[in-house]
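Model the full assembly from the supplied sequences, consistent with the hints where possible.
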Amino acid sequence: MAAATTPETVELSDRDRAMLAGDFGEATAVAMRILVTMAGVYGAERLLDIEGAHIDGCLYHGDSGVDFAELLVAGGARVCVPTTLNVGGLDLLHPEEFAGTAERRAKAVRLMECYEAMGCRTIWTCAPYQTTPRPSFGQQVAWAESNAIVFANSVLGARTHRYGDFIDICAAITGRAPAVGLHLEENRRGQIVFDLRSLPRALRSAAWLLPAIGYLVGERCGNRVPVLLGLEDADEDGLKALGAAAASSGAVALFHAVGITPEAPTLETALGGREAEEWVEVTVDDLHAGLRSLSTLPAVAASTPGAGGDVAIDVVALGSPHFSSREFAELLPLVERHPPSAGVEFVVCTNRLSLDFLKRQGILERLRDIGVRVVVDTCVVVAPILRTPAGGVLMTNSGKFAHYAPGNVGFDVVFGSLAECIRSAHHGRLWRDPALWP
Amino acid sequence: MSVVECEGRPLVAGAGAGTVLRLEEPLSFWGGVDPVTGRIIDRRHPRCGESVAGRVLVMPYGRGSSSSSSVLLEGVRLGTAPAAVVLRELDGILALGATVARELYEQSPPVLVLAPADWDALPEGAEAAVDVSGRLRIAG
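So the sequence lines, in the order shown, correspond to chains A and B. As numbered in my numbering, the first sequence has no gaps in its residue numbers, which increase by one up to the final residue, 526. As numbered in my numbering, the second sequence has no gaps in its residue numbers, which increase by one up to the final residue, 551.
Think of the hints as simulated: they come from the structure by calculation, not from any bench. Certain hints may be false.
[What the hints assert, rightly or not] Simulated restraints, written as ranges between beta carbons of each label pair:
no.	chain 1	residue 1	chain 2	residue 2	range
1	A	E191	B	E535	35 to 41 Å
2	B	E535	A	H515	42 to 48 Å
3	A	S101	B	E436	21 to 27 Å
4	A	E133	B	P527	21 to 27 Å
[To be verified] Here are a few chain A residues that face chain B, going by a calculated C-beta distance under 10 Å:
no.	residue
5	V118
6	V129
7	G131
8	E133
9	S152
10	G153
11	F156
12	E233
13	I255
14	N311
15	S337
16	H491
17	G495
Every residue, glycine too, gets a C-beta built ideally from N, C-alpha and C.
Next comes the structure, spelled out in structure tokens:
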């Protein structure tokens, strides 16, 4: 077991000590106390400066989160580095979309207001890396939200440890974080290689399969740093989908895709010059298993991928992580050609930046006219947004929705490509694209 | 009656006792545990439907969402948290939930990391107690 450090052995700067002593106000003292305790937990020898933060604690999970935020606000808390906010508990631009109780809505709003009062930027998105500015290569930041963490580390090459609610805001208030984990070069090298090279090229370049690849990587690698070898070129939306799935099925906070992500120009660089601890040859069967575990509906999960029989679809939910402008551009022609049937609820979750794009391009009206709901600031697995009663079948192209929808909102899930989701919504029944399923 | 005793590293020190709920598969508290009831709600988890409330929760490490710290904190507020969390590997996110619970409510389950051989030996259903120095005792 790693040698333990305790809060007493963490090396603190004079400024850290002053913050701890309350010289910067009561809220800063609370934040520093939590940071120092956590530095001890992580075995950090010292704290380091951060240049930005992304906060996950603004999403209402219960009154305790409000208690904590109110404690900080009452103590005069202000963030001291540029800080963005993750999704909240409701769509503030369309509060009528909230299907929960008035009490829960009021508390979710209260929590969001507390974080705004501390000086955070109210972008309310789980894809802060698709807004601007975003962290640069090598920059030390403190990010929470599992999919944002994995994107920041893997695709941007910024450096954050895997933070959770509460420590994120403590870091933003103090500008400090424990010098540990993925902040440090030596912990960023790949440990387990997923070799995709024996898969047919068509599968390695299929964007819609990236969540399935991410899902099986997360399941197999636990909390080690995976290296993907043989992935054909993937764009940022594809890497976002892969990372989000890997961070749902596992504790993945950083992956390297050889030839694609910035710390992996070669396999040797990705492994930091060492041997891989484990080498996994990914087969078509593995990919099928990954696809099967993304669907919970017994008729689909147990059958040959691509089959699944005559299944009614009640909801199509897209946008976890939040849909980008590019993803909307891909969605629009398909969904206009095959608009959702009246009996299917079709929801896309996104952020205000994409919403502005949709408005400017006149796309929002067109989507609304054919029955597509666009939700901002939040999403369907973290807030009561869906109008369809729980117990039905939800289809998605998102590995993260597929993972969390059953437990969080009580739907069985079917995973499919974007086109399959759209055509299934059009028919009200599961539609499979035979060309996708070799 | 045999008594097994081992010593771990307390991430968040404290005392707690209860019946061991042993999860071989890691569990994300967010999306995995309902803080109102303490039940496991992750349908893909083999122990879905069981309650973590008042149990000595033995699991290798956490996974998934960084909101798990919130769910543990809410569990402490509502009295549905485990009596203790016993890990094989360090998990900052659960330790964080417990740390903030101390700060806000002056209570939380202890979070302990055991050496793998000790962790492997903890039997499901045993009565276990963790003390403030990080010692775990099993009677059974």
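Item to check | Violations among the numbered hints | outcome: Hints 3 and 8 are the ones this structure does not satisfy, whereas the remaining hints hold.
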